[in-house]
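Order-wise, the sequence lines are chains A and B. Those letters in the first sequence? Residues 1 to 803, by full-length UniProt numbering. Those letters in the second sequence? Residues 1 to 140, by full-length UniProt numbering.
Simulated from the structure, these hints should not be mistaken for lab results. Even for Gly, the Cβ is constructed at its ideal location relative to N, Cα and C. Hints should not be assumed to be uniformly reliable.
Unchecked claim - Calculated pairs, SDA-like style, for lysine to any residue (alpha carbon to alpha carbon, straight line, at most 25 Å):
| # | chain 1 | residue 1 | chain 2 | residue 2 |
| --- | --- | --- | --- | --- |
| 1 | B | 9 | A | 690 |
| 2 | B | 91 | A | 513 |
| 3 | B | 70 | B | 33 |
| 4 | B | 59 | B | 22 |
| 5 | B | 69 | A | 784 |
| 6 | A | 757 | B | 29 |
| 7 | B | 9 | B | 73 |
| 8 | A | 795 | A | 784 |
| 9 | A | 421 | A | 402 |
| 10 | B | 70 | A | 685 |
| 11 | B | 59 | A | 380 |
| 12 | A | 421 | A | 483 |
| 13 | B | 69 | A | 787 |
| 14 | A | 455 | A | 380 |
| 15 | A | 738 | A | 727 |
| 16 | B | 91 | A | 16 |
| 17 | B | 91 | A | 2 |
| 18 | A | 465 | A | 375 |
| 19 | B | 91 | A | 67 |
| 20 | A | 469 | A | 191 |
| 21 | A | 795 | B | 116 |
| 22 | A | 757 | B | 116 |
| 23 | A | 455 | A | 297 |
| 24 | A | 500 | A | 483 |
| 25 | B | 69 | A | 380 |
| 26 | A | 465 | A | 380 |
Claimed, not checked - Here are a few chain B residues that sit away from chain A, every Cβ distance over 12 Å (derived from the structure):
| # | residue |
| --- | --- |
| 27 | 7 |
| 28 | 13 |
| 29 | 17 |
| 30 | 24 |
| 31 | 49 |
| 32 | 64 |
| 33 | 65 |
| 34 | 102 |
| 35 | 116 |
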Amino acid sequence: MTIFYTFIFLPLISAMLVPLLYKYLNRLVHTGWFVLLVPLSIFIYLLRYIPDVAAGNTYNYTLSWIPSLDMNIISYVDGLSLLFGLLISGVGTLVIIYSIFYMSKVREALHNFYIYLLMFMGAMLGLVFSDHLLVLYGFWELTSVSSFLLISYWYERKSSRQGALKALLITVLGGFGMLAGFIMLIMMADTYSIREMIANLDVIQSQTLFIPAMLCILLGAFTKSAQFPFGIWLPDAMEAPTPVSSYLHSATMVKAGIYLVARMTPVFGGSPVWFWLVAGIGIITLLYGSLTALRQTDLKAMLAYSTISQLGLIMCLLGVGSLAVYFGPSDSGTIFAVATFAALFHLFNHSTFKGSLFMVVGIIDHETGRRDIRYLGGLMQVMPITFTIALVGGLSMAGLPPFNGFLSKEMFFAAVNDVSKAGIFGLSNIGMMFPIIAWVASIFTFVYCMIFIFKTFGGKYRPEKLTRKVHEAPWGMLFSPAILGLLVILIFFFPNVLGKYILTPALTSILPMMPMSSYDLKISAWHGLNMELVMTIGVIAVGLLLFKTMKRWIQTMRNYPQGLTLNHWYNQGLSGTEKLSASLTNRYMTGSLRHYLIYIFSFFVIVLLSSLLLLYGFQFDFSGNAAISIFDAGLVLGMVISAFTVLFAGNRIVAIVALGALGYMVSMFFVIFRAPDLALTQMVVETVTTVLFLLCFYHLPKLKKRIERIPFKLTNLVISIAMGLTVTLLALSANGHKLFEPITSFFENAYELAGAKNIVNAILVDFRGFDTMLEISVLAIAGLGVYILVHQRSKRREQHETE
Amino acid sequence: MKPNDVILKSVTRVAAVIILTFSIYLFMNGHHHPGGGFIGGLSTASAIVLLYLSFGIEKVRENIRVDFKKLAAIGVLIAIGTGTVGVVFGKPFLTQTFGHFDLPIFGDTELASALIFDTGVALAVIGTAVNIILSISEDR
């Protein structure tokens with residue numbers, strides 16, 4: 001168990017070592033070589049699971065975190081999570097090898113890059129292996145945050161910052177929706193575990209929150225997987241360094257949404273809303289992405305839209321596959337289970353070919369200084385190896401044999417052809433739309449793949465348009481895309497090895513109700529002269545025709561009006577929100593401390609007093625009180641006097657001293673009530689705050705006798721009295737209520753449990769250690785905040801003076 | 001603050017030592033008697049502040065060469081680190097343990113892992129308190 005977690009958390013742990021490695025060893029060795037060991041060892045470790053998981057076993061690990069709140073890091077290794085784990089660590093290894101040659105160790109801030117990358121890798125591994133919904137959500141948002149840091153890696157560029165912000169805004173918005181959905185799901189199922197939810201499906205499916213929870217979770221999945229209309233962040237995310245693009249934005253992070261949909265299929269699948277949303281949005285995204293990719297001139301943007309489109313394809317297949325949940329183990333169920341299989345197969349294939357294509361674009365960008373196809377051309381002559389890899393990846397993306405994209409695309413055609421056979425959810429009529437849209441989108445896909453390959457590598461070589469002297473990339477940069485390209489071909493020839501050991505176990509975890517023996521999952525390159533093959537031949541014929549006549553229509557497409565794009569609406573919406581919030585903020589952020597205090601206090605008074613009144617909270621119980629001794633009375637009198645001294649003090653020093661006296665008298669109270677710990681703490685805190693006050697006092701103007709208007713004084717009076725009254729009432733009624741069991745019994749045996757005779761300390765470090773840990777973290781952050789505030793201001797003033 | 005305050009300086013010379021000793025006593029004592037990381041740290045911080053007040057920032061800086069921002073960060077890291085130790089042994093996060101050991105000089109002594117956690121608390125408190133006070137007092 002510990003070994004499993006060591007590997008899962010290895011990226012996060014080793015991220016802490018990266019700064020040291022960078023600081024002391026970067027001059028000798030590129031930091032990436034050390035980082036490489038992390039995904040490589042995880043990959044090798046996960047490989048060991050393949051035979052067992054393929055045999056139908058699953059593994060469960062629990063790491064207790066906050067057991068009292070039922071928050072534990074529960075990991076679940078099954079076919080689906082293993083497939084993703086292998087992709088994350090495998091592609092991660094290749095990407096890091098590539099990055100070693102792509103990122104210069106002299107010019108780049110490598111430590112930041114690798115810390116973010118490892119953080120992302122750890123978040124992604126945590127996400128796919130989590131069975132606990134809230135832990136999964138935590139890792140989900142960590143992928144958003146680390147992706148934000150990676151996109152804005154070259155933060156001095158404005159476009160990087162904007163792209164990062166856009167990705168963060170959209171994915172975190174979806175993430176919040178998803179959190180709401182998760183909470184509804186947890187409320188319905190009364191468990192945090194996905195496995196237990198699947199085991200007790202009938203409890204969930206009959207409840208009214210079922211559809212809202214589904215919609216919220218899908219919002220998260222769609223924003224993360226860049227589905228229509230949320231996909232607009234992905235092209236802007238291409239401002240990140242290319243290794244990041246090929247890792248996060250093609251192979252792993254964007255597939256988290258796919259993972260979530262697949263993981264939730266047993267829970268929600270079979271409902272018509274789920275089918276229509278997942279399959280419908282998927283196929284719209286497929287069409288939208290392929291059409292928009294066609295208009296791009298920047299190679300990376302083209303690949304980004306192509307990724308959006310391919311993610312739509314996988315999403316659509318998952319939607320079609322969810323029909324299998326509806327039919328259950330039957331003939332129709334088997335047909336649609338194959339669609340889910342195709343989704344997994346295409347997911348894997350997409351990681352291989354799109355990963356390699358992104359790396360190819362990185363090579364082109366690195367060697368020529370250009371990414372715009374209008375400047376490129378004829379690179380075949382100078383970069384033959386890069387060209388070969390691009391050809392393999394590009395033709396696979398276009399869905400041609402002998403590459404793996406062909407196989408999964410044929411299965412996709414087969415699946416959309418089968419949709420109308422379902423005969424439910426009104427599919428017998430509208431079902432025909434699926435193959436038509438799929439076919440049209442595939443033609444566009446074919447055309448942009450051709451443009452990608454032949455406008456870059458074919459045609460005339462024009463070195464005068466390029467900013468650098470072009471030559472073939474070094475072997476290190478070619479290694480990773482070449483391996484991925486090799487996989488593309490290998491999978492075409494031996495698809496069933498992958499199918500049997502990786503994909504079928506994953507399918508079992510998406511469709512647990514289907515008996516594996518009921519269908520025969522043999523992928524074959526030649527599947528007879530059927531509808532799918534005819535469709536593919538049609539795609540090639542029409543696609544070639546369009547490609548040949550490209551000059552006539554491409555310019556019209558590129559001149560598509562900007563005002564109609566989703567991006568335009570996003571920008572409009574963003575600036576509108578900014579204006580609105582600025583005008584709102586200006587109304588209450590007046591810069592006057594008095595106003596803020598009025599807002600805070602009135603809010604406090606109104607909310608507390610009204611809730612006390614509404615909930616009949618006024619209960620005073622003085623029965624258990626001790627008699628008031630002469631000391632107590634004297635102290636209270638002293639406190640009242642010093643409080644009034646503060647009010648009527650003529651200068652600040654008197655006021656501060658009186659306030660200090662008040663604090664010391666409170667600590668006297670603690671002494672009387674035999675709480676030496678509190679008394680000590682109160683005394684030291686009082687001393688330090690008085691010193692702080694005196695320091696601040698140095699900056700303040702002399703206290704002047706101001707003549708204030710009566711209403712001004714009256715408001716102050718009303719608010720202060722109301723505030724004092726509220727707090728007093730609250731304290732008294734809190735004493736009158738006994739809503740919960742007193743916790744004293746737990747602390748009475750502090751010595752046996754924690755070996756501490758001082759109960760207060762046992763609470764602080766043993767029983768409630770988590771609170772203390774977070775408190776000191778907050779304290780340290782607040783300290784840094786004060787430091788930054790003060791120093792930024794004095795720095796700015798110094799700059800001002802030197803100018 | 002004031003450049004030449006003989007009484008304050010002479011008192012501080014003695015008082016600082018007493019406060020520091022007392023704060024160490026408070027810190028070590030916390031497990032069984034009043035005291036602990038928070039108060040121990042805070043009273044150490046108050047001793048350092050007293051030194052700053054009477055001898056001036058530059059002079060004390062020369063003698064106590066500690067970056068208090070880093071000290072606070074180290075404190076938090078220690079506290080989190082002791083939490084993860086429990087995880088390695090398969091216990092929940094932040095599980096503390098204790099035991100009796102026969103040490104030379106001290107004899108039978110109780111050692112608790114809570115002390116390490118408390119050290120983190122103390123360092124975080126010292127770092128933050130001194131850091132805030134320094135920031136404000138340097139701001140002219």
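Assertion that residue 116/B lies outside the chain A interface [Cβ separation over 12 Å]: violated (10 Å)
Please verify whether residue 455/A and residue 380/A have alpha carbons no more than 25 Å apart. holds (10 Å)
Run the distance test for residue 465/A versus residue 375/A: straight-line Cα separation, threshold 25 Å. holds (6 Å)
Keeping to a limit of 25 Å between CA atoms, is the pair of residue 9/B and residue 690/A held or broken? Distance of about 20 Å is within 25 Å: holds.
If you draw a straight line from the CA of residue 421/A to the CA of residue 402/A, is it 25 Å or shorter? violated (30 Å)
Straight-line alpha-carbon gap residue 757/A to residue 29/B, limit 25 Å: Between residue 757/A and residue 29/B the Cα gap is close to 10 Å, so the pair holds against 25 Å.
For residue 91/B and residue 67/A, compute the direct alpha-carbon distance and say whether it is at most 25 Å. This hinted pair holds, its Cα atoms lying about 10 Å apart.
Restraint status (C-alpha distance of residue 70/B to residue 685/A at most 25 Å): holds (22 Å)
Would the hint linking residue 455/A and residue 297/A be met if the CA-CA limit is 25 Å? Given that 25 Å is the threshold and the Cα spacing comes to 10 Å, the pair holds.
Assess, step by step, whether the Cα of residue 421/A is no farther than 25 Å from the Cα of residue 483/A, and give holds or violated. violated (40 Å)
Could you grab the alpha-carbon distance between residue 69/B and residue 784/A and see if it respects the 25 Å cut-off? Status holds; Cα separation ~7 Å.
Do the alpha carbons of residue 795/A and residue 784/A lie within 25 Å of each other, as the hint requires? Status holds; Cα separation ~16 Å.
Consistency with the previously given hints fails for numbers 2, 3, 7, 9, 11, 12, 20, 21, 25, 31 and 35, ordered from lowest to highest.
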